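S.K.: Everything in the sequence shown is counted per UniProt numbering, starting at 1 for the first residue and increasing by one.
No lab work stands behind these hints: they were computed from the structure.
None of the values given here were measured: they were computed from a predicted structure.
Positions of the beta carbon are idealized from the N, C-alpha and C atoms, including for glycine.
Do not take every clue at face value.
[Stated by the list, open to error] Here are the simulated distance ranges between beta carbons:
{"id": "1", "residue 1": "Leu155", "residue 2": "Ser77", "range": "37 to 45 Å"}
{"id": "2", "residue 1": "Lys51", "residue 2": "Thr171", "range": "30 to 38 Å"}
{"id": "3", "residue 1": "Gly149", "residue 2": "Pro19", "range": "34 to 42 Å"}
{"id": "4", "residue 1": "Ala76", "residue 2": "His52", "range": "14 to 22 Å"}
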Amino acid sequence: MKAFHTLETQRTLIRRFAPEDEAHFIALLGDRRITSTLAFDEETTTERGSKHLMQLTISLYETENPLLAFAIDEKASQQFIGACGYNSLNEEEAELFYALITDWWGQGIATEIVAELARYAFEHLPFTTLKAFITPDNEGSKRVAEKNGFENAGLVKNPNFSELVYLYQKTR
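Let the sequences and hints guide you as you build the complete structure.
M.R.: In structure tokens:
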């Protein structure tokens with residue numbers, strides 16, 4: 001499976017990470033308002049952990065098993081506004097994820113991103129099911145999933161979270 005170079009939505013460009021994204025990525029993962037709803041361990045949210053994750057992601061793009069994580073830029077300004085991608089769960093299922101800088105919350109950007117990631121996955125990747133694990137208090141992400149046709153399968157245990165999370169899924 002190969003990582004794409006770029007995808008485009010109406011207002012964003014989804015692209016591979018580049019070394020110049022480092023400071024923005026560190027700031028993104030260092031913001032507890034963002035990472036409190038994500039499945040990152042404490043080390044990954046540190047400066048050292050964020051740098052390591054980004055460098056690893058970049059180094060694996062051209063391999064047979066890339067980390068399918070990407071930067072999100074606002075198209076008009078070319079400003080870094082977040083990250084997104086897929087976490088392969090098995091040959092047929094992947095977790096879809098995204099994180100936006102808080103200034104960009106509530107503007108429909110995440111809905112655009114999820115729509116394009118789902119379209120690409122079902123047309124070009126082997127995944128037949130996409131899953132989103134959403135913390136109970138993350139109402140915005142629940143709405144994003146529902147707007148994109150993901151069905152709420154209820155609360156589930158996920159070892160990456162300390163609490164039960166909602167599983168939203170969409171099948172090709």
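S.K.: Decide, hint by hint, whether the structure agrees.
M.R.: Hint by hint, here is what the structure shows:
1. Leu155 / Ser77: 37 to 45 Å: holds (39 Å)
2. Lys51 / Thr171: 30 to 38 Å: Since the Cβ atoms of Lys51 and Thr171 sit about 36 Å apart, the hinted range of 30 to 38 Å holds.
3. Gly149 / Pro19: 34 to 42 Å: holds (36 Å)
4. Ala76 / His52: 14 to 22 Å: For His52 against Ala76, whose Cβ atoms are near 32 Å apart, the range 14 to 22 Å is violated.
Checked against the numbered hints given earlier, this structure breaks only hint 4.
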